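Based on these hints, arrange chains B, C and D on the given structure of chain A.
Protein chains: 4
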Amino acid sequence: MPPSHPFDTSYLRDGDDEDKLREECGIFGVIGVVDAANFVALGLHALQHRGQEAGGIVSHDAQQGFQSARRFGYVRDNFTSQKVMETLPGPLAIGHVRYSTTGSKGQTAIRDVQPFFGEFAMGGAAIAHNGNITNANSLRRELIERGSIFQSSSDSECIIHLMARSLQRTIPERMEDALRRVEGAFSVVAMTRTKLIGVRDPLGVRPLVLGRVGDGWTLSSETCALDIIGAEFIREIAPGEMVVITDKGVESHFPFRPQKPRFCIFEHVYFSRPDSILGGRSVYETREAIGRELAKEAPVEADLVCPVPDSGTPAAIGYSLQSGIPYAMGIIRNQYMGRTFIEPTEQIRNMGVRLKLNVNRALIQGKRVILVDDSVVRGTTSRKIKEMILDAGAAEVHFRIASPPTAWPCFYGVDTPQREKLLAATMSEEEMREHLQVDSLRFISLDGLYRAVGEAKGRNSKQPQYCDACFSGEYPVEPADQIESGFEMKAAE
Amino acid sequence: MPPSHPFDTSYLRDGDDEDKLREECGIFGVIGVVDAANFVALGLHALQHRGQEAGGIVSHDAQQGFQSARRFGYVRDNFTSQKVMETLPGPLAIGHVRYSTTGSKGQTAIRDVQPFFGEFAMGGAAIAHNGNITNANSLRRELIERGSIFQSSSDSECIIHLMARSLQRTIPERMEDALRRVEGAFSVVAMTRTKLIGVRDPLGVRPLVLGRVGDGWTLSSETCALDIIGAEFIREIAPGEMVVITDKGVESHFPFRPQKPRFCIFEHVYFSRPDSILGGRSVYETREAIGRELAKEAPVEADLVCPVPDSGTPAAIGYSLQSGIPYAMGIIRNQYMGRTFIEPTEQIRNMGVRLKLNVNRALIQGKRVILVDDSVVRGTTSRKIKEMILDAGAAEVHFRIASPPTAWPCFYGVDTPQREKLLAATMSEEEMREHLQVDSLRFISLDGLYRAVGEAKGRNSKQPQYCDACFSGEYPVEPADQIESGFEMKAAE
Amino acid sequence: MPPSHPFDTSYLRDGDDEDKLREECGIFGVIGVVDAANFVALGLHALQHRGQEAGGIVSHDAQQGFQSARRFGYVRDNFTSQKVMETLPGPLAIGHVRYSTTGSKGQTAIRDVQPFFGEFAMGGAAIAHNGNITNANSLRRELIERGSIFQSSSDSECIIHLMARSLQRTIPERMEDALRRVEGAFSVVAMTRTKLIGVRDPLGVRPLVLGRVGDGWTLSSETCALDIIGAEFIREIAPGEMVVITDKGVESHFPFRPQKPRFCIFEHVYFSRPDSILGGRSVYETREAIGRELAKEAPVEADLVCPVPDSGTPAAIGYSLQSGIPYAMGIIRNQYMGRTFIEPTEQIRNMGVRLKLNVNRALIQGKRVILVDDSVVRGTTSRKIKEMILDAGAAEVHFRIASPPTAWPCFYGVDTPQREKLLAATMSEEEMREHLQVDSLRFISLDGLYRAVGEAKGRNSKQPQYCDACFSGEYPVEPADQIESGFEMKAAE
Amino acid sequence: MPPSHPFDTSYLRDGDDEDKLREECGIFGVIGVVDAANFVALGLHALQHRGQEAGGIVSHDAQQGFQSARRFGYVRDNFTSQKVMETLPGPLAIGHVRYSTTGSKGQTAIRDVQPFFGEFAMGGAAIAHNGNITNANSLRRELIERGSIFQSSSDSECIIHLMARSLQRTIPERMEDALRRVEGAFSVVAMTRTKLIGVRDPLGVRPLVLGRVGDGWTLSSETCALDIIGAEFIREIAPGEMVVITDKGVESHFPFRPQKPRFCIFEHVYFSRPDSILGGRSVYETREAIGRELAKEAPVEADLVCPVPDSGTPAAIGYSLQSGIPYAMGIIRNQYMGRTFIEPTEQIRNMGVRLKLNVNRALIQGKRVILVDDSVVRGTTSRKIKEMILDAGAAEVHFRIASPPTAWPCFYGVDTPQREKLLAATMSEEEMREHLQVDSLRFISLDGLYRAVGEAKGRNSKQPQYCDACFSGEYPVEPADQIESGFEMKAAE
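Chains as they are written, first to last, in the working numbering: chain A, 1 to 493; chain B, 1 to 493; chain C, 1 to 493; chain D, 1 to 493.
Only chain A is shown next, with the shape it has when bound in the complex (with noise of 0.2 angstroms):
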């Protein structure tokens, strides 16, 4: 094995590692409170994990009408000042965060970052969305040829210019029929002058929730988004529901055909936040039961449990409480670790420095450790991750990991590589540990997920429970522009 210290390239990213699935946007709006872009930067700032690249609030105010704001970077570096936040008045407002999915950040691609606005004759409506809509590339075609001028390369647009050609006459009946177009996985929170919607699609395959704050309304990605407005978690927007609000309350709709619900399992693995209630349950307590359960799949004879920071500290936890193994901290992420270093001198970059995690060292030596990680991406973070632990004197390293073999790309607004670069494509789970080469490596079981997030049967592979595709490769949507782009589906079995 080659030496890998001091001088192997890696952790040069921030917090959001490149070798994780990344969701690509958080959404929230709130309706009948004063100054609410101000409640929904907190909402945004909450909601960060779900998108750093960029943010975007728009609100609407009797006098000044609609207002903007869009801008690269985090939420509390953009949305805090007194400067820019009084330019946004009013008691309704909604706001996106995203992640960069073509890669270049400048001044031209601001006008991809959401919301979006248009202005129609019966007046302007602005909208965000979570999600990917699967047949954008068709749509954007035809509306071309029908005259119509795209500002953005971002799906939501299609959206708006649906909306703009409807022959409806209200905004909420106009946006009903260009949701019926429009196929794939999306949370949509959008605004009128006097209207606060929100929409899940069919299959509820990205998650919405309602709040209530003071006398008004909120719709989150999450819920730890309410608790930072001090809101109450009052219900989870259904699959295919609309709900419009007013100053009158809410009222529900269901445009779409009803579908058997298949939410996104992986919320409950990485993407949510552990403080963020899915069904009823702290998803932190499920990732808790995943590492339990996990224990008991995968049990081994070692020293210590260490998570992988910070994402798989609740599964190595639950991996503890299960095997009765020592928890313990065996890598040290630094706090300020941040954007900027992504640019580092030549110097530096060679150097390969471990800025972001450090081991710790005298605790390691000598011991058998377990490092529990939540997924297996490309593999090269747990690469960097195992030699780190083996330059610092491990005696044997085992990976546990809380989520079954990536094998799949998802195309429902998640940023994952091309289907080849994913480790678990090409391997099997033996192959993997020998190209990591570690003492052993696990993947839970995808009925052990199943069960861990509370299906005691486990998957029901006949009529699954939630969206697994990145795990099954059976997509329950079709990805209309992906096979269009070359994509080869799963054979039927």
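For the record, the hints were derived by calculation from the structure and aren't laboratory data. Watch out, some of these pointers could steer you wrong.
Identical copies carry no separate label here, and so any pair may be met within one copy or between two of them.
[Unchecked claim] Result set (DSSO-like, lysine-lysine): computed pairs, CA atoms no more than 30 angstroms apart in a straight line:
hint	residue 1	residue 2
1	Lys83	Lys356
2	Lys367	Lys457
3	Lys296	Lys367
4	Lys490	Lys260
5	Lys384	Lys367
6	Lys462	Lys248
7	Lys195	Lys490
In this text, all values refer to a predicted model and were calculated from it rather than measured experimentally.
This is chains B, C and D only, laid out in the frame that chain A set:
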């Protein structure tokens, strides 16, 4: 009890809680490598927890002489770009991170940022220190009388002016001469055109370690900063030792009258990073041991042991391991918290929202919770956290504190409130419990703390092995400037 | 008369005096050179006097397609760095400088900065214009009804949407189709992937010239911008002409119904730069001729002829040469005046200091002074200048104005105050003299102005040779949007 | 002759042509007004032509003590905002604008920006100067030997350190003590907590004037800065005079041995603003008189007299008035030229475009042109301008220069090239004509210049009335540091 939620005012600060004692400085130096400033930038990044307000680097290069850059803000934001780093060439560099102790950040105060530089008849020298000179005021008055012009309000500048007026010939000799006039607790790194110099005060209150990096050498406040540049940890600089490092190697001097060492015990409790090594053991392990000791001294029946993140984590793990009560993350920290929310809009400020911490509501509900924190200073944060936990429906709240009551200010380079602001200065343990309105509150004993750091027999009250003035009020160096300003020492018993 | 000094409020503005009519745009395009955007940046810099609030450039490159950059501020500050310019590659580029007519500068209004870009089914096109579309409001209403989504409040966007809905096949044909629906005064530069297009409205109100640069071609609002890139001035684009330039050369089309030209006479008086060529003569010489004509029409005995800097200079020289009265710089302009003093502290604002202009006190004292200015709009600046001159001890002050009284607003791309704010709309020449409290005040006659621009017989009142609506109230194109908003045309005589 | 157009390299610089001598500083102080720093900001803005690289202001307020701000860039960009100015409270302030003489702008060199501040035993003082200390190097060496720590490379700091070591009791006495050790040409403004102090060197080489503003007083390099704050011009400070101004009034001291004054004659030619008053006459009038004198000394037949803008303008007007040849603006300056184009892209740099100046081509063609410039230093700009004029088709080009040949460097606070770079140091007038390839070239004689500034009998060669070392090589103060560095004085004749 008044309802605290949703509009209590709290948690607007960064990870560096205002309700903590704060180490005021980290220092780092490197000699004998290509572009030493890059190494110093990395070292300071690893020491960022010791000072976040500002940082500075001085380098020396045969062609370009001494160069310096001093900036407000994080190392990662200021000392990473090619543009800045290429202004700091050469094989020799030192650096410093600091807190602003006087408050106002701004253009003029940049002159207070170390390292300081002085041009002497025999060449230039730069100097940076961690700690505090307890007779700085009288030294400054004397020097101004003699015609010295001060450019800053920093203690370090006294050392430079004393050196400028020394009758000795070489810079190391002048530094010895100067340091003999200085009282207090300090670790120093300094550089001339060809030498890297390190000094620890005679009691060794503040830390300083020596490392080997490639063919060169490095000095650092903590070992975690050696890891980041791939340096090997050689040894701690001894109390009262001055090392002078050139391309010939490391020379050792002992300019001071020998004394019994009194290392700062709070470095074990809070200041140092958990992955640093102090006294041959990882700080993490010491803190876990404190938690175990605490569990023995102050057991209680409960359902969960939860750390106050992040500094209470190792002690909470120790408490859990010793007591058998499950460890859980009852409080979640927002990893995207940063500095800028410290100036939010009026409304956000008034909402007093929980920007930094959130309770894992679903987990806590109905549970008896032990909260483990590292220390209680003013008690303001402890109070907020207790309220958050009770709001979330906890059945009982028990505080366990991994240090004895902090009853005395530190005058050796730590930012502490005035004595009357320290909760433990005016209240007994039971009064504090009542003040915080919790079911129980227990601090580790001073003897228990000594045991946890490895002194099996506890504290030697005749000749304490550590500086523990913040707990005991016994100051190993008389704080002359403070006494002049009216501070009253503890009455002899 | 109240003392005006030292605390009168004046001259806080930039060189672009608020008491002037302001041309709203400059346009420039280049095809057939390496890195055309660099040429466009230089051309726009030379046209900066036509628009200082913002600028934009769009380029096209075979590999990278269309690229754009739009910024607030001066060309020299935004379009010079390697970093920006390398994002605008390719042999074909167009650009635009503009005033903000609606006022607020900020993040959102950047979308109003030209050139505008649209993706059509047959490829993209960018467009920028100088002038005003007088039926823009009704066109916009019609387009929104049909489902177009507007992203800006700019007239240019109407042209893009009309093009998107055209039934024609090629982009030049679609542009002809669109422009036939458009009323007003406009010069346009546009580009496709391979073509540079220039259009002047049927009356030729706004200027546009053609130049040859190396093997390529260039279009510009004025000839001074040809000089800066070393281009040869070929000819003016004819009123109503559309030129389509490719690597094969220049093709000429005449899509509009032919009309008698009505070029803007104020371009001669103030808008164009003195080193530009209009009608075969330098603008400088025309302005000197206006000064000579004025000296003939309105002689007066005096000691000095002083220009109001800088725009009154050529006419003052002409007046001096014709009258024999010595020319002198009685008023000095601070060349370091810039934009930022427009937001001074309260105290500086209240002092109303003479940041921009200062009187040459020692020179003026006791003298009879003729002040030559290009125009009087609101009269506010004229009043301040008169007071400065009298404070400095001048014996007499005689104003001579190088244009007729400005009594009507311009609706063809010039920023004019509402009619009631124009001094000449409500006062006779003698009333104005009394209002300004000067010894004499004379404007050049409309016939005198026509003679100075080369019409030996003066103005043909049946069929005026120029657009002189701001003086005469005779609008060659009906200002439909303005009439809809309540503007009252001059009654027929 | 090679064709120069369109790709000659020139004119990339700001108004402050690199081919000019440059005054290095302007100083300004105010006492006895509310918020004196606002007045200082305005005064420095009016003195911006004397130094554009950086500026600084120090103020004193009873509550807040001394405050300072020092910035790179224009006054208008740094000292206008409420945010900056409110950090500079109090009734007493001084300020400084400067050129960077050593070149590199950057974080570290901000310490070279004046005013300098020192804390003495009896209180603080700040000081700023215009000019040069000719024995600064030896003073600095002596002070360092004695233990002073220098923070900058500025001469002013010597004065502060000399004051710190003075045995005198009061600050004014210490300043006298310090200034008696100093050689050179300097005007100084300084302040203590209660006093505004002004000093001119014994020869009075550099200017300094006294003004009355409301109930307070002001000191300024030039009278134009009195006008901007509405101050009354009282008198020039006399050579060798020190004024100490308090709320009791102005006290006058004469600390130096009396000498015959030698005011800098180049202030009349170029440095001072045309609206300032020197010797009771406006600088504008003196320059016009220089032009008249030049027309008498060096007449030529021609069609037009054109200034090289902007500094040649008054002399060109004088030449035209004396000769009767019409004055015209043959060269137009782009008023939007600024600093940032000094770092253009490679391509723009190579195009060498005429960013700053453009020829009025249609006016010049076929004409015999007299170009009037204020001085010739290296001759590089003169050469470019001649080429521009010939390219535009001029029939003949005659240069007339409003100063004698500049053959010697200035060591009294003016930025001049080394002697060998001065065209007149190595060439006769005829050789220069040939070098510049113009039809004729004539400089005003030294006697003619003396006549124009009011010395009817010309220069008294035994005891010259002015410092004219740059023309004559006769240095009134020995440039000791320069001689030490190898400069050779003119041989005695």
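List in ascending order the numbers of the hints, as given earlier, that are violated by the structure. Result: hints 6, 7 break, sorted rising.
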